[in-house]
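Got chain A; can you put chain B on it based on the hints?
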Amino acid sequence: MEPLSIVILIVALLIVIEVVVMLLKLKVDKMLLLMPVIGVIFATMSFALNEYRDEILSSLSDSASSIVIYVTLAVGVIFGLFGVTVWFRGEKGARKLVLDAKKIDSTVAGIESDIRGSDMEIDHFDDEMSAIKTKIADYESKEKEV
Amino acid sequence: MEKGEDTVNRIVIGIGGQGSSIVNNILRMLKVKTGKIPKNEEFLIIDTDQASASACTEVEERKKIILSRPDTILMKNTNRWLPDPYLSAAGAGCGQHRIYGRAMYNVHRERIFSAIGSAASELKNRTGGKDFFIVMVCAFGGGTGSSMLLDVAIDIRDWISKQFGSEPVMFGIGILPSSKESVLPTGNALGTLKELYFLMSHTEDVIIDDKNYSNPFKLFFLLGRDLQGQNRDDELERAIPRFLLDLGFLPGGTVETKGKWLDLNDLQNRARGYENRFDSLGYYECVFPTEKLFLYYDIEDEIPRVRQRLVEIEARISDIKGKIESERGELERFDGRIKDVQRKIDSYESATGKLYHADMTATADAKAKLDRARKKLSGLKEEVLNLEIRASDAEEEKRLTERDLERLEALKNKLLRAITSPQNTRSYHQIELSEEEIKGLKKSREDVKNLSFFEIMKKLDREEEFFRWTHAPINEGDIIFNPMVNYRHSIENVMASKYIDILHDYGFLTLDAQGNVVNEEEKFGHFIAVLSTRADNFDDARLGGGAFKSMVTERFTKDADVLKLDAPARAHSFAIYTLMIGLQPWAPGPGLPPRLRELEWLEKAYNESDFSKLQRHHSLFYGTPKPFSVISGIPYTPGVDEKNRDTVTNYWKGYEILEKEAIWNNVPIVLAQCLKMFDDLLTGLDMAEDIKNVRIPEPESYSIANLTILVHGLENASKSMEKVKKWTKDAERGFTLLKNELDELVFKLKGIEAEAPAEDKAEKMLRMTDDSSRNMEVLIDRIDDLSNRFSDDIKSVIEKAMSFIGGIPSEETTSSAIRHITKAESEISRMREDSMKAAKGIKEMGGPLAMMLSSLKELKNITESGESEVEVEAEVVEGWEGKMRMKREGKGIEMPDLSLNMGRGEEE
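Chains as they are written, first to last, in my numbering: chain A, 1 to 146; chain B, 1 to 908.
Note that these hints are calculated values from the structure, not bench results.
Hints should not be assumed to be uniformly reliable.
[To be verified] From chain B, some residues computed to sit far from chain A (all C-beta separations above 12 angstroms): (1) E110; (2) Q268; (3) D298; (4) R534; (5) L675; (6) L682; (7) K761; (8) L786; (9) S829.
[To be verified] Output of the computed footprint for chain A on chain B, the stretches with three or more beta carbons under 8 angstroms from beta carbons of chain A: (10) 284 to 292; (11) 318 to 326; (12) 398 to 409.
Note that the structure is a prediction, hence the values are computed from the model and not measured.
Glycine is no exception: its CB is placed at the ideal position from the N, C-alpha and C atoms.
Only chain A is shown next, with the shape it has when bound in the complex (with noise of 0.2 angstroms):
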């Protein structure tokens, strides 16, 4: 098997991963499935043109077979790699939309600490002014005492 050929399976198979990869992790449309699975069709036309050229494309010459070849091997790898770019633009304007929201979120959790915090501290100015009005009335009451 020539160089190209080699080159071509990888391609294809490469584009297969993807296909999986989409299918079985990423749950993806199943329209932006087609993309590499048409994907994978071209890079196996591809191969099979290279593999049988001289059968098929024996009527063009070795550099038009070439460019068809690659031609067609390119198309595939633009749609797998279509498909590749369409999912990881939806994903980012997704993370963005989350780390907006989480952003608020903890925000408003900052907030709210703080809030909790100053009310605490309210609490502790609140019982340490009454133990100074206690103390108070107990130096008042003692005083009545001595």
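Relative to chain A, chain B alone:
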């Protein structure tokens, strides 16, 4: 008494509003001191006023015997003797009507006894002991306590004796009203005193209808509410619980004391023989103000700390408020941001197409976070609002605390004043400290706690003062004078100046170098002083038992006991408790104030009540005519309730708080008054005699100088005549008063069937009586003589003067001479007129004198035999008066008669 050994059951009963309040105070003090009530003590209150009983918060509800007012039908059915106006009462409780209180007692008697009985049984079950000690406290001015005291005391004594086989030891404490109180309470108090004294004077059993009417009390303490115009309620409320607890009558309070010092048996032994007299108590205390000082130091240190802390708190609150403001803005902004993100999520989700990827898990997560933030946000807005309110409240609280701090500052200043210039009285002396001394002692405050009173004073270079103030109450007699009743120790000054020399001459009084009366203290009965302080202070003060006792007995008392009470907690206090046992409250002589000053206003108010109002002041024996009749010897009519009630009222009206032996003390005082009056009369007679010695020139010796001498002489004689006229009037009035006093004394001596006085006293009294009679005879002779010739003497003077004027030659009647003659004639005319009145006055002295002589003889007979042999003298007096009448008829008014002489002659 050692702790744990005491099995005597003790019951404290407060009757009426003030009695209940004192019991409440005792309980409070017990709880503060020991935290619990000893198992052998029970505290009960009996009251007819719900509100007053409810205020006694320390007393258990089941130990409050609250008597509700019954309807008038029940009241009348139970008390047939009760007058209609008293079937109900106005105001609270018994409306200060003792008669109503008695009726209430009759209605609720069973309830009262069931409550007291169950308390006594509970006590007996708890302790196993059958000995009971009962203290009863009440005010004498109110309606409830004063009316029920005696009945409760008699009944409870009988009940406990029968139930448990041993008679309880009973102490009473009665509070007298102040001089500022109205007629009702003061009259009530005398009514109560009369009835109480009546019971107390029956020292032997008097059992009538299975009820013993003898004295139920071993000791009865009288306490006054004011002393020399000062209200002593505060002192009373402190002193009674303190007396009972500190001195161990209620041993719950003796935790501070060491060893045995005085127990009930001791006290009973000391009071033996004085059960029928009243008692009182008091205390003197000299203190170093350690507690005040330490409190002052604590406050002084505390104030800057608190002030600093409040400043910090203020700054923090201010920070919090700023933060709240910024957080509120932030929360508002977050509201917008949440909306933005929500919008983004919505658009992210809605943008889904065929070639679009949206991560729904992530958006769900984002939405959840957002929701949570939104919820938190709305909660936080509320919290911020609350926080703001709380911050404002905290600010307000801080302002209030600052005000409290100002109060603390004021308290510090007050304490400083109390330490630097204490309000000392006769019964309380606090050592005064300067500000430098206060500062100086602060440096060694921990040492001061452990030093003795004397050592602190030494540290301040003031040890001499320690001796002064611990010895002052003894040297100045304050330990005698500070009891809680207004008791007069010796004869009043006004009395002293008049009669004291005479009493001294006859050996009835002993005077010290300053002329003060001594040995009067025997009338105290028994005097007990208890020194209460930490042991080392006794030695430091050099007031050991012997030294103290000799100081007291040498200067003030014949009979005194001095006891030491080692109270370890009293390191810086030197207290002297006093118990005066066997007081005589009555007047030492006719016309003299009673020894118990309170009796003055009590008697006044009581005597102002007419008969119909008098019954409201009494309680004892209403509705029980039979025992009354048996004890008093006054017959009663069965079934005639109103008549019997009036008989009882009448009896109380005439009943006097007087002791048989004490009446003899009056005799020398009345005789001293007689002797003094005779001296005064002799002086007056000399003055009358002197009138005839006016210088009248001879008629033939006329000159203008002699005329002037005549006018001056007549003027002087006229003035003397005026004085004699006034003197005769005063003397007559004085004789009448003295005669009344003598008669009253003789009447009392006969009435109480007094036994003859002690031999030495009788001898002195007889000597005084004989001297008085002899003086009177001299006086009668002088009056006889003078009244015989007074008119003649005056007539002779007038005739001589007229003769001189008549002999003035007509050529000598110059204008100046005429003026003198006119003046002389005017004086003669005045003398003639006054001489008639003076002669009449001198003559009329004879009547009272004769009567007094008769009374003196009667007194002499009683003194000699202790019995009355009165009838003899009546004839003599009758004889004299008859003769006087004959003479008066035979002679004109101008001529004094001689009947006194004849009468005396017959007597002789």
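Do the hints match the structure? See the list:
1. E110: Check passes; 42 angstroms lies beyond 12 angstroms.
2. Q268: holds (34 angstroms)
3. D298: violated (7 angstroms)
4. R534: With a cut-off of 12 angstroms, B:R534 remains clear of chain A, as the shortest Cβ separation is near 17 angstroms.
5. L675: About 57 angstroms separates B:L675 from the closest Cβ of chain A, which puts it past 12 angstroms; holds.
6. L682: holds (65 angstroms)
7. K761: The claim stands: B:K761 keeps its Cβ more than 12 angstroms from every Cβ of chain A (closest is about 52 angstroms).
8. L786: Per Cβ check, B:L786 is outside 12 angstroms of chain A; nearest 74 angstroms; holds.
9. S829: Holds, because the least Cβ-Cβ distance between B:S829 and chain A comes to about 79 angstroms, which exceeds 12 angstroms.
10. 284 to 292: Since 3 is at least three, the answer is holds.
11. 318 to 326: holds (count 3)
12. 398 to 409: holds (count 7)
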